[in-house]
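If you want the building blocks of each chain, they are given just below.
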Amino acid sequence: MAQTVLHTASSRGGADHGWLKSYHTFSFAGYHNPERVHFGALRVLNDDSVDGGRGFGEHPHDNMEIISIPLSGTLEHKDSMGNVGTIEPGEIQVMSAGTGIYHTEYNKDKDQAVKFLQIWVFPNKRNVEPRYDQVKISVPEKPNTLVQILSPNADDAGVWIHQDAWFNLGKLEKGSQVDYTFHKKGNGAYIFVLEGEILVNDQILSRRDGFGIWDTNQFTVKASSDAEFLIMDVPMEF
Amino acid sequence: MENPTEILVVGTHADILQTVLRLLNAQASWHAEGASGCEEAIAQCKSKAYRILLLGAGLTDLEEERLKTEIKKIHPEIHIIPHYGGGSGLLYTEIHLALGT
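Residue numbers (the numbering used here), protein chains in the order written: chain A, 465 to 702; chain B, 20 to 120.
Because the hints were derived from the structure by calculation, they are not lab data.
No experiment lies behind these values; they were computed from the predicted model shown.
Think of the CB as a built atom: it goes at the ideal place given N, C-alpha and C, for glycine as much as any other residue.
Among these hints, one or two may not hold up.
List time: in silico DSS-like cross-link candidates among lysine-lysine, alpha-carbon distance up to 30 Å [unchecked claim]:
#1 B/K91 / A/K589
#2 A/K589 / A/K542
#3 A/K589 / B/K87
#4 A/K635 / A/K579
#5 A/K686 / A/K606
#6 A/K638 / A/K579
#7 B/K67 / B/K87
#8 A/K589 / B/K92
#9 A/K600 / A/K485
Residues on chain B that point at chain A, a partial pick, calculated with CB under 7 Å [to be verified]:
#10 H32
#11 A33
#12 Y103
#13 G105
#14 Y111
Please work from the sequences and hints to get the whole structure.
In structure tokens form, the structure reads like this:
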């Protein structure tokens, strides 16, 4: 019997620093909720908006797989390994923080906010060598299908991380549906709605709702309206 | 006022260790000190009763295991937890969960 958990958009934690507005699905920084710490290896799901010309000054990270997915605007990244880059919607960035890395993240645009998801996944090994990568997300060959954007494998589609996790982006037209089968026994999936309304099995989900499902091999996503969503397939034990 | 919760943070990356210590010590109810490796951490635990040992980045698996074993012998009640993230994002939840607060 599948186990599930629902986190509605309005139940998320929030932080408003003026230049930064962030919604936290799981406990993060000043938002501490013992009932909302992680979903398996998925530890952070932040829905961030950074004002034009503003950003995160130099700060450290270690021992975490950090994924950024821009939703609108342009995000600029610089790190202590010498990487400099910008990412826009249609791209994904990954950083394995490992033994330690410093970086900055800024809104490249002076006038409009950059909106992006910042996702942290626990690594399957501590103290790996830090690394950074960014790739363009491939355009699906057929409509109403899933596009893999992350996996544990360097030669697979999307970026790769130090964890048995697979991320897929879905873009469905109203009335269409896709079936999702887990990549690995013991994994669960956290589905986060970017736009529109979907049904995951029988659960209705609206914009920015999150829904975890595990102890099952597969599930179905059906679009009640034109919809976009992210499926994060992660180990429940790690 | 109650004595602050004593926390020892071990990590080999000096700058990140200082960042974590600064963040922890910004909380009035916590007092954190740092150690840059196993020997230093064990020596500090022999001279002071810490409530939490936070395992930062840079230790090998063997070093982490050795620390857990040696320090539990000295302070069986100590909470030994791995730190992830290297900054403010997860730090407070990690400490609160360890303390059950």
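For each hint, the structure was consulted:
| no. | hint | result |
| --- | --- | --- |
| 1 | B/K91 / A/K589 | holds (23 Å) |
| 2 | A/K589 / A/K542 | holds (24 Å) |
| 3 | A/K589 / B/K87 | holds (17 Å) |
| 4 | A/K635 / A/K579 | holds (18 Å) |
| 5 | A/K686 / A/K606 | holds (16 Å) |
| 6 | A/K638 / A/K579 | holds (25 Å) |
| 7 | B/K67 / B/K87 | holds (16 Å) |
| 8 | A/K589 / B/K92 | holds (26 Å) |
| 9 | A/K600 / A/K485 | holds (26 Å) |
| 10 | H32 | holds (4 Å) |
| 11 | A33 | violated (10 Å) |
| 12 | Y103 | holds (5 Å) |
| 13 | G105 | holds (4 Å) |
| 14 | Y111 | holds (6 Å) |
Hint violations for this structure: number 11 only, all remaining hints satisfied.
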